[in-house]
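Undergrad: Residue numbers (my numbering), protein chains in the order written: chain A, 1262 to 1498; chain B, 1262 to 1498; chain C, 1262 to 1498; chain D, 1262 to 1498; chain E, 1262 to 1498; chain F, 1262 to 1498.
Hints are supplied without guarantee of correctness; some may be wrong.
The list makes no distinction among identical chains, and a pair is therefore deemed to hold if it is satisfied within one copy or across any two copies.
Claimed, not checked - Taking lysine-lysine pairs in the DSS-like style, the calculated list, with each CA pair at most 25 Å apart, reads:
{"hint": "1", "residue 1": "Lys1263", "residue 2": "Lys1458"}
{"hint": "2", "residue 1": "Lys1294", "residue 2": "Lys1263"}
{"hint": "3", "residue 1": "Lys1291", "residue 2": "Lys1423"}
{"hint": "4", "residue 1": "Lys1458", "residue 2": "Lys1294"}
{"hint": "5", "residue 1": "Lys1423", "residue 2": "Lys1294"}
{"hint": "6", "residue 1": "Lys1421", "residue 2": "Lys1487"}
{"hint": "7", "residue 1": "Lys1487", "residue 2": "Lys1422"}
{"hint": "8", "residue 1": "Lys1458", "residue 2": "Lys1329"}
{"hint": "9", "residue 1": "Lys1495", "residue 2": "Lys1422"}
{"hint": "10", "residue 1": "Lys1422", "residue 2": "Lys1330"}
Quick caveat, the hints were computed from the structure, so don't treat them as lab data.
Number of protein chains: 6
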Amino acid sequence: MKVIYVVPGTGMGAQELERRRSILQSNSGKDVKVDIIESSEGPNSIESSYEEYLSIPETVLRVVDAQKKGYQGAILGCFGDPGIDAIREMVQIPVVGPGEASMLIAAMLGHKFSIVTILDNVIPSMEMHAKIIGIDSKLASIRSVNIPVLELAKDLESAKKKIIEESRNAKEHDGADTIILGCMSMAFLGVSNELQKTLGIPVINPAIVSLKILESLVICNLTHSKMAYPSPPKLNS
Amino acid sequence: MKVIYVVPGTGMGAQELERRRSILQSNSGKDVKVDIIESSEGPNSIESSYEEYLSIPETVLRVVDAQKKGYQGAILGCFGDPGIDAIREMVQIPVVGPGEASMLIAAMLGHKFSIVTILDNVIPSMEMHAKIIGIDSKLASIRSVNIPVLELAKDLESAKKKIIEESRNAKEHDGADTIILGCMSMAFLGVSNELQKTLGIPVINPAIVSLKILESLVICNLTHSKMAYPSPPKLNS
Amino acid sequence: MKVIYVVPGTGMGAQELERRRSILQSNSGKDVKVDIIESSEGPNSIESSYEEYLSIPETVLRVVDAQKKGYQGAILGCFGDPGIDAIREMVQIPVVGPGEASMLIAAMLGHKFSIVTILDNVIPSMEMHAKIIGIDSKLASIRSVNIPVLELAKDLESAKKKIIEESRNAKEHDGADTIILGCMSMAFLGVSNELQKTLGIPVINPAIVSLKILESLVICNLTHSKMAYPSPPKLNS
Amino acid sequence: MKVIYVVPGTGMGAQELERRRSILQSNSGKDVKVDIIESSEGPNSIESSYEEYLSIPETVLRVVDAQKKGYQGAILGCFGDPGIDAIREMVQIPVVGPGEASMLIAAMLGHKFSIVTILDNVIPSMEMHAKIIGIDSKLASIRSVNIPVLELAKDLESAKKKIIEESRNAKEHDGADTIILGCMSMAFLGVSNELQKTLGIPVINPAIVSLKILESLVICNLTHSKMAYPSPPKLNS
Amino acid sequence: MKVIYVVPGTGMGAQELERRRSILQSNSGKDVKVDIIESSEGPNSIESSYEEYLSIPETVLRVVDAQKKGYQGAILGCFGDPGIDAIREMVQIPVVGPGEASMLIAAMLGHKFSIVTILDNVIPSMEMHAKIIGIDSKLASIRSVNIPVLELAKDLESAKKKIIEESRNAKEHDGADTIILGCMSMAFLGVSNELQKTLGIPVINPAIVSLKILESLVICNLTHSKMAYPSPPKLNS
Amino acid sequence: MKVIYVVPGTGMGAQELERRRSILQSNSGKDVKVDIIESSEGPNSIESSYEEYLSIPETVLRVVDAQKKGYQGAILGCFGDPGIDAIREMVQIPVVGPGEASMLIAAMLGHKFSIVTILDNVIPSMEMHAKIIGIDSKLASIRSVNIPVLELAKDLESAKKKIIEESRNAKEHDGADTIILGCMSMAFLGVSNELQKTLGIPVINPAIVSLKILESLVICNLTHSKMAYPSPPKLNS
């Protein structure tokens, strides 16, 4: 099986791309080959609806291209799942959105989940996303560590401390029984296992969960419904 | 007051743009000047999520530019309100989405509204939009006439007939007490008054309703909340 | 255009009625004539469901009469919208309820609104009203200043201070991104613009918003659906 | 125990009042005395929101008076429960609304109930009432026999036939597992037991159910919460 | 009328069973005979979903047996209503669940109720139960006194103090206008009337309310719908 | 990895157990060993809530035992997920319920799913289960083929025909864009791929999906939250 992780943005650099790819590869099934690609246009990091939209047109083309090249599934590498509906309109292969996959898996592990994300200003659109997914009745809260994406890895200890603090707040004050790391750069920090041990409740790493869900869909011969995500009529000839 | 109607696409042609502008102008308040502009990039018509996304980046810039030029408000000229959250992040002037404005006014006129739109394939994303707006408990149904946007005006009689037929179906079979025309090209066909008379229930023309709501917001000194639509941090300097 | 603002109560006095009328008139469109009338029966102020009901029978007749006299629309001058369903059953002209109009416009400006009203004891019925309107999923909270209607104007500074305080509480503790003044006597205190500036989020004045929505409906040739508000059969001959 | 059934209207006639009282009395507990009273003002029958409102002011006073006279509880004798919130604001004794009691008991007997009522035009406000009660997620449908209240008893066989027909439609087409007779004049027709036998699913008679719930509340020493239905401040001295 | 209260567990002892029976009997209607029985298998107290399930198979048989013996109705003597759906599948007589009956009666007395129960760990399943009943929109909170069932009666004063404290917290911090005692051993402590007086809001005793609802159903000739609780096909011959 | 599929019933026979195990094994990851076990007590097939409850006590013990034996995860082999909350209370290893896993995966593939199951009488409890899972807003319908579990395999062609027919009805009449086979004996009929091809929309096989989700959870080091499914206090020593 050959799958691809598509970063909807630019400027990550070959080294970080390879670091992320190898983390995914090391969590993949035996016969699974994971590739990674970033977009050729779009923002360096996505911290607003506007930047989500900037990333989408080019990212759709990257997934269309991946399908042509024989990839059997794709992960949209941003927790906000920007443009996942458009991508699904344009391809037949399964496309996993880390936000969607994480929230639905969280619904399987408990009754109330919280998302710990980067900045306050992405919270409103993330709440809207939970509504679209249909699982907002189980969303306890969204909390932010107030660290921009590109700063997260610069001071890992401080980031980890803030993530633990807000996760604990979610557990103790918002009633969350499950935590989701709500940002892909957080997912690749390598903190989720330690966080889970510290808190004593499940912590979902959206990167690994997305990969395993994608592998599951491919093996189950499942992809999104074309009734739900119909091909654009004008482009469908 | 100076407001602008922004068409999120290209290729409409100066004549049709002027025709639409003059319809809006003739429904405007005494001291209101309505301008119209189309985008310099994007699809000829929007009939899918993908085409919505294609239209957004350039359209956001058009509204940012309009704000700089002193326009006091803008109408996003597509019923799906594509990228309205991003536009609101980037400007301070009120931005009216015809879908949002029509659904909320419909909620004032009755208990159950239906939307009659162009093509079946836009129905799923329109249902999601109603959820985001928060008024989906009053949405009776979305029905389509199955005529592409660019065909609507070519055979006006046939289009009108189909619109009446599906509106009547919504009233009789889905319990709709109010109808919304769910496409801006439908809105400018000039059929809503006749349709209202034929059906005996309110028919909302999203173009005119959006203009009047925009004028109302400007006079009331109201615009969207920056808590709900925060400025992107990286662009906010 | 000739519209009327109907106060569902008595004892306001000609001077205050004229003061309110002139505020509305000064916010109206160029060709709009605003009249005001109070009921000939009913309570001096409405601070309970019981007083709402006392006001309704006579108020319905005032609006029926206004329709006969050629008014093209009416505003029901109480934030609780008492008896708006009955009024709509009995007339064809559009009738705007300030509570309903304010909540639906609030839904256009943000994701979570709070209402700041007079007394704690009206909160339960106001919550029920939001459910009926169908927008309760966006209601963050209802808070009261605990000042009776007839006291509001007596100590304007103290009232203003309490309104600011509870609005700030709604913003900071309840997550409200938009505030609605939940009482018509509050609306006519002239504090909403200052409050908006102080808080940095939209503040809806139900009096002005209701007037602009009514003008919009009249110009759009829209009124409530008779399927939703059918004429009483026995009175319909 | 002494309880009272208050008819919120006029013109029923002493004979019919006594007939209804004796039906209630014969279903009451051993030590329960049931009285009946009609209002001194209000419509002959309630078939619209407007007529509901006409009945309320006087009916509230009848219940206030009943409390003074030592009645330990009251039934509001109209399925729409007109003004029950106001009555509860004004008295301490338990007040049962037949609509509310029937819907909540229906929720105990099955998963989906339908209401069979008199006329189509009361359906929208009955749907709103179910929302207020909080049990609308279990409401399958409201259907009407299209017979005015005052005609129901005139042709009993025809009325019964229509009630059976619409109840069966509710069961077969709307998935109702429980039926509520949605009008007090229907309740006193004496058809519910036969209807239950014919349909094979529970049929709730709102008159008898209301009486038994009221007796239960009195014996349990329960009445409505004054936090939910606070006394009007101006009248509270 | 002959009804039975079935304790879904074992080891209560004849004395406590008789004490509970006589409390029920003393609150029953004049011609009502109340019997009590405990199961022959199952846990000593139910403080988890697992223990609920342990109690069910034997308890279903106890109610089936009671129906055969001519009992006209049964109360399932545990607030979590364990297996009430299965019991209703297997019998025709009405079966009252104290949790269900209490929550639906609470919905009649106010707008927001809280449940005060024994241990934190039963809260998640109790929240699920409120969803099934369909009345979760009126559930303000569930709070626990953190005293195991079998300890409750050992230090009555301390238990009472904790119950008052958590009820007051529910009223003051969670907005509850009505309190439900969420455990049958609490119900039989004899504290509800005092608690109601202390708090000034209704306090529902699930034991007494269940008895009165059961008597009401029997007199109204009502039982659960067999469409909602169908007989198991294989056992239905 | 070593996982176990636990059949909550008896009498399936070694041959059928082995057939099912080998289907699971052939869909498992390279290093995954799948075992199967049936309960030593309980019904031959589960077609009612009552039979669900009969199966639970023994099944819980089977999973507790499996954990002791070193299994890293378990699948509860019945689509109704009977007693999954109790099992999760008693073990630390992840336990996948095929109903829950299928519905949450369906929510990832489309906007509206339908379940096609065995008999009409299991529909009400399956609807309740969707509510508990929190995804009922995406449930289009549940339809049955009206064939008892133990008859399904006896006339495979006829079963397949009925499954196709009801799935098509769900798609065409209920708006389902995704189908779930709602019974484990259906899942092992080997019809899902053909059905998916015939219908042109995704068809979820709960057996395979459950296995892949379980493998994913184990690899992600995730299990249910002990805050959501706390250990029973009395058994927790």
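Undergrad: Flag every earlier hint the structure violates by its number, smallest first.
TA: 3, 4, 5 and 10
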